[in-house]
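*Asks:* Now for the letters of each chain:
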Amino acid sequence: MKKVVEGSHAVSEAVRLCRVQVISAYPITPQTHIVERLSEFCSNGSLKAKFLRVESEHSAMAALIGAASAGVRTFTATSSQGLALMHELLHWASGARLPIVMAEVNRALAPGWNIWTDQTDSLAQRDTGWIQIYCEDAQEALDSTIQAYKLAETVFLPVMVILDAFFLSHTYEPVDIPDQSDVDRFLPPFRPSFRLDTRAPAAFNQLSPPNVYMEMRRDLQDAMESALHALLSIDDEYRSFFGRSYGAVEAVHCDDADIIFVTSGTISSTCRLVVEKLRRDGEKIGLLKMRLFRPFPYSLVKQWTLKARKLAVIDRNFSFGASGIFAQEIRAALCNEPKRPLVFGYVAGLGGRDVTPELLEEIYWKTKTSAHPESESLWMGLQHPAPAA
Amino acid sequence: MESNVQDREYMCSGHVGCPGCGAAIAMRFLLKALGEKTVMVIPACCWSIIAGPYPQSTLRVPVLHTAFETGGAVASGVRAALDLQGDRETTVVTWAGDGGTFDIGFQALSGAVERNEDFIYVCYDNEAYMNTGVQRSSSTPYGAWTTTTPGQEWKKLRKKNIVEALVAHRIPYAATASIAFPEDLMRKVHKAKGIRGSRFLHIYASCPTGWRLPSELAVKIARMAVQTNIFPLYEVENGVRYTINYMPKGYLVREYFKLQGRFKHLTDADLEEIQRMVDEDWELLLRKAGLSPGAAGPIATPSRASVPFRG
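Protein chains in written order, with my numbering: chain A, 1 to 389; chain B, 1001 to 1311.
Hints listed in this document are in silico derivations from the structure and should not be mistaken for laboratory results.
Please note: incorrect hints may appear among the correct ones.
Keeping only pairs whose Cα atoms sit at most 20 Å apart, straight-line, the calculated DMTMM-like set for lysine to aspartate or glutamate is [as the list claims (entries may be wrong)]:
1. 48/A with 1281/B
2. 1037/B with 215/A
3. 1032/B with 197/A
4. 1160/B with 1273/B
5. 48/A with 1273/B
6. 1193/B with 250/A
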């Protein structure tokens, strides 16, 4: 059924449809609408879940670690400082192989205080062992949340479903909300092989000396490596159920493109318009939308980009002392290929600054007319350009 | 002597605690009182190690080891999941040291008991961060040496009164217990098990290693802590109803201090100051229990006669 809903509420609807059993959350702007709607669902009985109104994001994740260890399906949502506060426990969730799903609304980190969108919060968690899925619109946020449970419970890793603050979380769009019966068939009840059980006592997460720790880490990596295939297969199955699929990356006009934009999140939508316009003008341009960031889809990135001459990677994030994070990852993915495109890194839209079609066009022409990248990352749209080094 | 302590052990041999570890003794009695329908949540503490490395475990109940500051929150999640699965029979217990309770874990503990989560939170108190090698905590008593309060920098601040902090949350049940009084300890565990909502047990668990104490005196020192009023045994129901479980005979605190290396730097004047603090705390507790410190009768403040200890 199609309804006009807010991006945040698309996630809440998905959580309800997945029959999540324990929700634990602490409010932080701009995540609040997700958990407020879930509180309503719990209150009016449309979702039979226990909602733990904890005293911090740290405890929100800790409580889910307890609940998931005891064998139930769990959810939380956070953003920015809240995600940073959770950081330690993100490692616990993945190390314990718990299929927790979390919505993360991309928001800039302070100081200065900024509630608007910026991916540095989630990308700073890239080494925590969480699968990361970046969403472009409300429909994708809903569909990704449902897919996330199936993926998490297939490979036994936690999944972060990521939405841009306000551009996505607070925007109303028509969204097709699936029927409960279809979701029930797609996503069976959670039945873990191991859980806290007084009839089969066992110790979880205990002291693990050097003779076993490394193998445990390798097992986690094996699970991560299997997650790409698992996601693609779940995505296919999802299409057969619901008629929509997204892949791990989406390639638009990449087959014959000289220059390919690489984007993630809501900038992808703006970029689609720019690509269509430039194509009409005869430019051989393509778009590669990154949906999956962890595990990093190396094979797919290579498959779609190696024939191009140049890539223009748009990073709404930054790793200080290095460059935009997607650009780093894409350079690393391609570096051993004898014939590879030049990677131009562009930092844009930090702290919610608008990334307009005009700015993307400017990036295109800059990429086309430059023989080589001037630096690891060019900061675009600055009001006060940095002095030359 | 007849005992109602059950024979069944839920702690196997092979734990890796130090000789004379009070925390190992405390766990053994706790589980005897709780039985097998127990899920144990253990945030980082000595017991993260004592329980044994993968793939062994010294406990015959499910154990969830977790991050230092999460005892209150993780237990909340476990309880929620068991409730969702229709399991109201299993008791969820958080088992944390003084660091994970008084300090880094206090926020999650306070949050959980404010929500009146249905679990037992046990703090086994060895009065410092013993797992990392004897650093001060807010449970370290006035006068103590630790590796972060060395030499003349010995701790000149009082121990945080954790039971009173929990009582201030008006939880259904809070109590102190000691490894030297196992029947009292197990009675309180039984009582806590029969109550719904947040229950807190503060168990005095001596640490020969950190206290610079001969291992064989671990239980004796715990008994002396109670007998000197350094660690009174009492219970508080619903944040208001105080019951003192043991009335001391009036031993002086200096006897307790002189057996332990961690206090050996203290002068007579320091010991007198500590005696004053202990007396003050005890009188406050008597008042809370509705007992007048100056009143005559069997529960009056004991005389100050120095009675020699018999271990």
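*Asks:* Checked against the structure, which of the hints given earlier come out wrong?
*Replies:* As far as the earlier hints go, 1, 2, 5 and 6 are violated by this structure, in ascending order.
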